[in-house]
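Asker: Got chain G; can you put chain Y on it based on the hints?
Residues per chain, in single letters:
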Amino acid sequence: MRAFTTLKGLAAPMDRPNVDTDLIIPKQFLKSIKRTGFGENAFDELRYLDEGEPGKDNSNRPVNPDFPLNFARYQGASVLLARENFGCGSSREHAPWALDEYGFRAIIAPSFADIFFNNCFKNAILPIVLDEKDVETLFAQMYAQEGYSIEVDLPEQVVRTPEGQTFSFDIDAFRKHCLLNGLDDIGITMQSSDDIKAYEQARAQRAPWLFAS
Amino acid sequence: MTAKTLYDKLWDDHIVTQRDDGSALIYIDRHIVHEVTSPQAFEGLRLAKRKPWRVDSILATPDHNVPTTQKERADGVSGIADPTSRIQVQTLDDNCDELGILEFKINDKRQGIVHVVGPETGACLPGMTIVCGDSHTSTNGALGALSMGIGTSEVEHVLATQCLVAKKMQNMLVQVNGKLLHGVTPKDVVLAIIGKIGTAGGTGYAIEFGGDVFKAMSMEGRLTVCNMAIEAGARAGMVAVDDITLDYVKGRTFAPKGEHWDIAEKAWRELTSDEGAHFDKVVTLDAADITPQVSWGTSPEMVSPVSANVPNPDDETDPVKKEGLRRALDYMGLQAGQAITDIHVDRVFIGSCTNSRIEDIRAAAQVVKGLRKADSVKEAIVVPGSGEVKAQAEKEGLDKIFIDANIEWREPGCSMCLAMNADKLGDGEHCASTSNRNFEGRQGYGGRTHLVSPEMAAAAAIKGHFVDVREMMKGEA
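Quick mapping for you: the protein sequence lines, in order, are chains G and Y.
Taking the numbering used here, I'd label the letters of the first sequence as residues 1 to 213.
Taking the numbering used here, I'd label the letters of the second sequence as residues 1001 to 1477.
Chain G on its own, in the form it takes in the complex (with noise of 0.2 Å):
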């Protein structure tokens, strides 16, 4: 996995709460086998004015000029600022992949839905949560200036205005020590396969009928 420290990116709006994975990523483009080509689908149905089936050629399809992300001013955006319960519904990881792709390395919100919050972390996004005022906050700063840019620090853990301003974040040990390092956690697992077997034997005592086949 591609390693996450620091980042300093321009930041872009996705002003609504309950933003869900269907709206993130629609479902036509679930149909793929593979874990890219899903950036050019990011927000599909808000970000065209026509629908999306996976082979179209994107350039040639109305674009929505009122979806802030097709602004001038957001091109090139890695940070999105969002609201509360973003991610919420479906547990397709292939919303992370598309918003990895389109360019967001990470994303501020209030709050954020359990299954997707985990998926961004197995894909380096790494979502920040922060109080309701602080995220409200730094909208205010992004839509009051034009290029307005924020610093993510993860080994200290907070968010930096151009200002200045910081906001400090949690984040848990291990998840940490995983995107610093650019660890696959699988390998990780691995390393306590003692321990997984000397479970497994011990629940094969307990519950034989798990093992019966």
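Please note that the accuracy of each hint is not assured.
[As the list claims (entries may be wrong)] Cut-off 25 Å, straight-line C-alpha distance, at most; resulting in silico cross-link-like pairs (DSS-like, lysine-lysine): (1) Y:Lys1004 <-> Y:Lys1281; (2) Y:Lys1168 <-> G:Lys176; (3) Y:Lys1105 <-> G:Lys34; (4) G:Lys197 <-> Y:Lys1167.
Simulated from the structure, these hints should not be mistaken for lab results.
Answerer: Structure of chain Y alone, referenced to chain G:
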């Protein structure tokens, strides 16, 4: 000994190793796999030259992409018209064949929606940890199991290690006390709960559903309720084991037999929250307050009793919520203050992992028996949750009731719940749907979903608009 909740017991029983930061390695007893979220996991395994840790813990079946018309189903995988869907189903077959994984293939009688097949075959059992790359895996918690949806990277992790890295959630108890009114269903109960606590109300929690209503509820009703725990934000929902659970499980294909049954039953009887166990949050509803529900917005928390009116954004003071309401009504093509019974439906979908079990099919059939679909409704389809459900319904003659009512009887699969196959809404169409999500575009580009019970969906099919199904049930006990 400290009193434990059901979730505490299931969690503690599956810890392989505990880490300092509170996360743990949790052993997974059952891994259910479908075609949409697994191909990249199998590919990852292959690239890393890894093998599944325990093949006999895995059960696979295709459900999201499978067509539901007999014509398109006749030729199996090769008959799937959409080439991308066909490749995805074929890829699942190939992966399972290569690794020796048990799969109920497209036209196997046991094929169906993963969350219907799991409990129905006894592949999902009380006391298990169960995962699947699908958020509605919370369904199986109804059996007294810890059952959660996971992402594709985690699917690969579980395939490779039989474990999940997880952090313990908090405990929430949702209790509904008293007795449900006649004509009020498990679907109405769970929609009312989501309406009360919101779609993020359960985030970070495992929810146990307790109280008189769930104690009296059938296993299929409990499966419906736990299915939608994720719609309240909770990755896992569950109900304590009791006689209803054991009666349901006993005799199923993969359920323990003979001596094993006796040991299992003894262990499973312990799967209840201890007296005095601590819940971090308790939510209580009165059964008598719950009436048939209809969602009117684009999030499952945007739901009201059928007798209510669509809310007015001007009554909302929070600016973010006000804007959210306005956007939802705009998308749904509804007027603020409009009566819910004035919403006309273009299509009706009875099915999905929420409501496609035999009791759901029976309940819908009961409503439409001897009646005809309204001409204004373009299409009404009933999609059984599995081949087993379909066969049972046909044995009872329920298919004939629907066909006589001009309602289509289809082959099993996820179908119009998320429209990955050919069953979808047209732009701007309203649908009375027994599924679980009313998100924008969920059932088709520009489609407008209203979540309801099977009874309410059947009633809407007959009347052409929403109606309190209890008005059609007069004269029944």
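Asker: For every hint, state whether the structure bears it out.
Answerer: Cross-check of the supplied hints:
1. With a C-alpha separation of about 15 Å, the suggested pair Lys1004 (chain Y) and Lys1281 (chain Y) falls inside the 25 Å cut-off, and the hint holds.
2. Taken as a hint, the Lys1168 (chain Y) and Lys176 (chain G) pair is honoured in the structure, with Cα atoms around 18 Å apart against an allowance of 25 Å.
3. Of the supplied pair hints, the one linking Lys1105 (chain Y) and Lys34 (chain G) holds, its CA atoms being roughly 22 Å apart against a limit of 25 Å.
4. Proposed proximity of Lys197 (chain G) and Lys1167 (chain Y) is supported: the alpha carbons are some 21 Å apart, at most 25 Å.
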